[in-house]
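Trainee: Please arrange chain B on chain A, whose structure you already have, making use of the hints.
2 protein chains.
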Amino acid sequence: MGSTAKSNILVVGFGGIGTITAYNLEAGGLATVTGVLRSNYDRVNEHGFKIWSCDHGNIPSWKPSIISRNVPDVQAESLPPYDYVVVCTKNLPDIPPTVEEIIRPAITPGYTVIVLVQNGLNIEKPMFAAFPSNIVISGISRMSSAELKPGQIFHQDHDILIIGAFRNPNLKLETELKAAKHFTELYNASGKATGQYAEDVLFMRWRKLVYNASYNSLCAITGMDTSKLRLSGTAVHELLLPVMLEVKSIARAAGVQLAPDQEDASLNGDAIDAYFRPSMQQDIEKGNFMEMEIIVGECVREAQRLGVPAPTLSFIYSLLKVLQFKTKVKRNMVTLPPMKDYGAGDILAMLKDTASQT
Amino acid sequence: MGSTAKSNILVVGFGGIGTITAYNLEAGGLATVTGVLRSNYDRVNEHGFKIWSCDHGNIPSWKPSIISRNVPDVQAESLPPYDYVVVCTKNLPDIPPTVEEIIRPAITPGYTVIVLVQNGLNIEKPMFAAFPSNIVISGISRMSSAELKPGQIFHQDHDILIIGAFRNPNLKLETELKAAKHFTELYNASGKATGQYAEDVLFMRWRKLVYNASYNSLCAITGMDTSKLRLSGTAVHELLLPVMLEVKSIARAAGVQLAPDQEDASLNGDAIDAYFRPSMQQDIEKGNFMEMEIIVGECVREAQRLGVPAPTLSFIYSLLKVLQFKTKVKRNMVTLPPMKDYGAGDILAMLKDTASQT
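The listed protein sequences derive, respectively, from chains A and B. When we follow the UniProt record's numbering, the leftmost residue of the first sequence carries the number 1, and every step to the right adds one. When we follow the UniProt record's numbering, the leftmost residue of the second sequence carries the number 1, and every step to the right adds one.
Just so you know, the hints here were simulated from the structure itself, not pulled from any lab data. Do not take every clue at face value.
Distance windows between CB atoms, simulated [as the list claims (entries may be wrong)]: (1) A/286 with B/287: 52 to 62 Å; (2) B/254 with A/199: 41 to 51 Å; (3) A/96 with B/334: 51 to 61 Å; (4) B/287 with A/233: 16 to 26 Å.
Which chain A residues stay away from chain B? Per the calculated CB distances, all over 10 Å, these [unchecked claim]: (5) 46; (6) 63; (7) 75; (8) 98; (9) 129; (10) 174; (11) 222; (12) 234; (13) 323; (14) 329.
Please read all numbers here as calculations on a predicted model, not as lab measurements. Here a beta-carbon is modelled for each residue, glycine too, at the ideal position from N, C-alpha and C.
Next up, chain A with everything else stripped away, as it sits in the complex (with noise of 0.2 Å):
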């Protein structure tokens, strides 16, 4: 085949984000999109995806080319080889299977190119360790879209995907560069989204942690939506604020100079009447895990490495592990001890609403 040959990509996860980056590769002409899909399956086997998005229009129902319930084993089931893998999941490191046993069985080695459309810090180092000889490049997503019902999108602001090669010494930059700049040119083909080629992964993916760090994290912890939060007066210079100063100055010490107002930038980012409620907030009500550890966790590892003081962050790592406990909780993964009943018979089904009083 020649250079005309379209991509063939595997998309793993088709929440919000997923959805909408697959219909893009596929609308761009120059991709063939085999989706996995988990949860929402079945409905969208049946009726496809129902999309209203701000750069695509009002789709009423599409599917990607292929649809599969499970990551196909290439090997096994002798599939041509996929030359990216697009990962729009969780990362979730806490929680097994990690994202590298998810996709492993869909990657050949030293031939396809990992795409990570997630958020957070070092998420590429358990990739070079799985996959040693695979090019795993960075994507960084600026839109805002959540899957309201199964298979239903709603895609809010402008797709902007930036695109840029996590260095792994082992392999080739030049190559590294080559892949995300191709990859770059399928996501900028469909003329509606537009892909960001961004050499500096480091600096893109600090710059969103401030947002994410501070913002993400405190959504969560309070069930307050962005807009909220800073109406409500003082978590701006008491929680937010030092939150975003910490990691601008542990991305320092990483080596990273974010820019003077990056905080200012960060704060404001959102409109005041958009009340939007960060991915951690929506997966605490939604009774899902959050991706706290390559949010926050690995924020307060850096700082702990790099020897900055980081308190705010660090506390807030320790309200969402407990966060995260009550999830588990929730989902019976773990055992407790047994409620004593202190004798008081019939009383004690109350208790299930309410409890005692200190």
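Mentor: Below, chain B alone, put in the same frame as chain A:
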């Protein structure tokens, strides 16, 4: 009347603690209680309180001698003065009306003794300012009791009320101590509850704060009861103990030396199988305001005044301020800018439950 005349007592606030406190005072036979009921007046007026108490047993229907919807106005209604006004409401200086505004009509200057059965620090100061000629007594209730439904009380742990006079430099110490001792006698008269006379009021209040500033706050913020918080693994060393040690060092700077192992006692005070939900946790779950100012705010302000570092407690205070604001939002007590609709039309209705992702 001779010394055998019953004390004329007004009890304000009939939740879990207030009801058992009032019941015990009348059970002792030395007091006539007028009860000020608010949300549960109609239910109690018709059916009385239904009480299950570990001290007093099963009581199918009970009312204080007199019940009232409002705090009686002694002067306007030409009532005999109250010997004691026992305040069992929440103490919310940030949410009007204040406690002193609430009880003012029932206070006879220079005569009525005010008993504050309430948590927290510095609660006597606005009382001294409002009623400079009245004795103010501290009551720290250690029972666990909750109103599970209107007028239905579940009292779980033996009622211990630690009683002592707040020191008002304008009054005679001797008469303050006498009043506190007399109230202790009234409280012990039933033989069922324990009135514990304790001269060192500040010590007692700081000791309780070790528990309340840590467990009560963190249970409210995380929505986890005391047992689950402990069982989460990391919360003890990363959250609870740091707060407890901060409170201990603020107390020391304030001249109060708590026990060397106070943090262990406070940490392990509740049985691991009790799954206690402290008051602020219950409040936030019910959409009520929390006593965060007198439990945490005053503690932080004492730290600032005394120059004691309290980073964890300060951070908790900042989070609690956001959560108190959240309750104001829920109760429509603040006006927020309307949400932008993004021209997305019908799909916006779905945003009521979910929203954008970042």
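Trainee: Now look at each hint and say whether the structure bears it out.
Mentor: Results of checking the hints against the structure:
For residue 286 of chain A paired with residue 287 of chain B, a C-beta distance near 21 Å fails the hint of 52 to 62 Å. For the pair residue 254 of chain B and residue 199 of chain A, the supplied restraint of 41 to 51 Å is violated, since their beta-carbon distance comes to about 57 Å. The hinted window of 51 to 61 Å between residue 96 of chain A and residue 334 of chain B is violated, with their beta carbons roughly 43 Å apart. As the Cβ distance of residue 287 of chain B to residue 233 of chain A is approximately 20 Å, the hint placing it in 16 to 26 Å holds.
The beta carbon of residue 46 of chain A is kept farther than 10 Å from every beta carbon of chain B, the shortest such distance being approximately 20 Å. For residue 63 of chain A, the shortest C-beta to C-beta distance to chain B comes to about 20 Å, beyond the 10 Å cut-off, and the non-interface label holds. With 10 Å as the threshold on Cβ separation, the claim that residue 75 of chain A sits away from chain B holds: the shortest Cβ distance comes to roughly 34 Å. With a least CB separation of 21 Å from chain B, residue 98 of chain A remains clear of the 10 Å interface cut-off, as annotated.
The non-interface label for residue 129 of chain A is consistent with chain B: the shortest C-beta to C-beta separation is roughly 26 Å, beyond 10 Å. Distance check on residue 174 of chain A: its Cβ is at least 34 Å (rounded) from any Cβ of chain B, clearing the 10 Å threshold; non-interface status holds. Not every C-beta of chain B lies more than 10 Å from that of residue 222 of chain A, the closest at about 5 Å, which undercuts listing it as non-interface. The claim that residue 234 of chain A lies off the interface is violated: its Cβ sits roughly 5 Å from the closest Cβ of chain B, which falls inside the 10 Å cut-off.
Non-interface status of residue 323 of chain A relative to chain B is broken: a Cβ of that chain comes within 10 Å, the nearest being about 6 Å off. At roughly 6 Å from the closest C-beta of chain B, the C-beta of residue 329 of chain A falls inside 10 Å, breaking its exclusion from the interface.
Going through the hint list in order, the structure does not satisfy hints 1, 2, 3, 11, 12, 13, 14.
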